[in-house]
Amino acid sequence: EAQVTQNPRYLITVTGKKLTVTCSQNMNHEYMSWYRQDPGLGLRQIYYSMNVEVTDKGDVPEGYKVSRKEKRNFPLILESPSPNQTSLYFCASTPGTGVEAFFGQGTRLTVV
Amino acid sequence: AQKVTQAQTEISVVEKEDVTLDCVYETRDTTYYLFWYKQPPSGELVFLIRRNSFDEQNEISGRYSWNFQKSTSSFNFTITASQVVDSAVYFCALKEYGNKLVFGAGTILRVKS
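Residue numbers (our numbering), protein chains in the order written: chain P, 28 to 139; chain G, 21 to 133.
Calculated from the structure, these hints are not laboratory results.
Idealized CB from N, CA, C, for every residue including glycine.
Everything hinted at is true.
Each pair of labels, with its calculated beta carbon distance range:
| # | chain 1 | residue 1 | chain 2 | residue 2 | range |
| --- | --- | --- | --- | --- | --- |
| 1 | G | I80 | P | M54 | 24 to 34 Å |
| 2 | G | V34 | P | V79 | 43 to 53 Å |
| 3 | P | T137 | G | R48 | 37 to 47 Å |
| 4 | P | L115 | G | S107 | 10 to 20 Å |
| 5 | P | P110 | G | K36 | 36 to 46 Å |
Listed below are the simulated PhoX-like cross-link pairs for lysine-lysine, each with C-alpha atoms no more than 20 Å apart in a straight line:
| # | chain 1 | residue 1 | chain 2 | residue 2 |
| --- | --- | --- | --- | --- |
| 6 | G | K120 | G | K58 |
| 7 | G | K120 | P | K98 |
| 8 | P | K96 | P | K84 |
| 9 | G | K23 | P | K84 |
| 10 | G | K120 | P | K92 |
| 11 | G | K132 | G | K58 |
| 12 | P | K92 | P | K44 |
| 13 | G | K58 | G | K23 |
| 14 | P | K84 | P | K98 |
| 15 | P | K84 | G | K120 |
| 16 | G | K23 | G | K90 |
| 17 | G | K23 | G | K120 |
With these hints in hand, go ahead and build the complete structure from the sequences.
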């Protein structure tokens, strides 16, 4: 089954404790992205990747890191999480520009 | 710059009513793509439709229909004879060349029985 898998689905952590949210897709898609969803703001792009070792900032990259060492994986790293990073996070992949994105199930992160 | 506006924050209707969700977009590109996604209470994002800027044909899929008008930069979504299962957050999104999707703030639709 074609899918984008994120882990964990839920995470509560403390300020400053490094964490990684994993994302994996099995569709051999070139493009992958991370978004955060906040009430009243919709989804905003954090980072995206056009291929292995090629990443770029989205609209809200501060406080986040990403890497794309393999085509299928695109982890999101929070080196020192803060409460303002409490949000619902989505990973997405797509094979090309004019095609819809496939989204993971979402990761609800709470930073206390 | 790209922008998507969903002016309706929340809509409540009674089952079997028709409801239209508005989406207005801004872009400088002549080639772009518009999408609608549904987010049910379970939280996942469900793709509903894609439309490219060269295709202004309206589309109907069962109880769902979409009206794309370039002249007014709008891509509105109508649900006919709404059902409780239609209760969700609906997002309109715009993509120009590249991989960036710009989402509207979303419209919460509540359908009451």
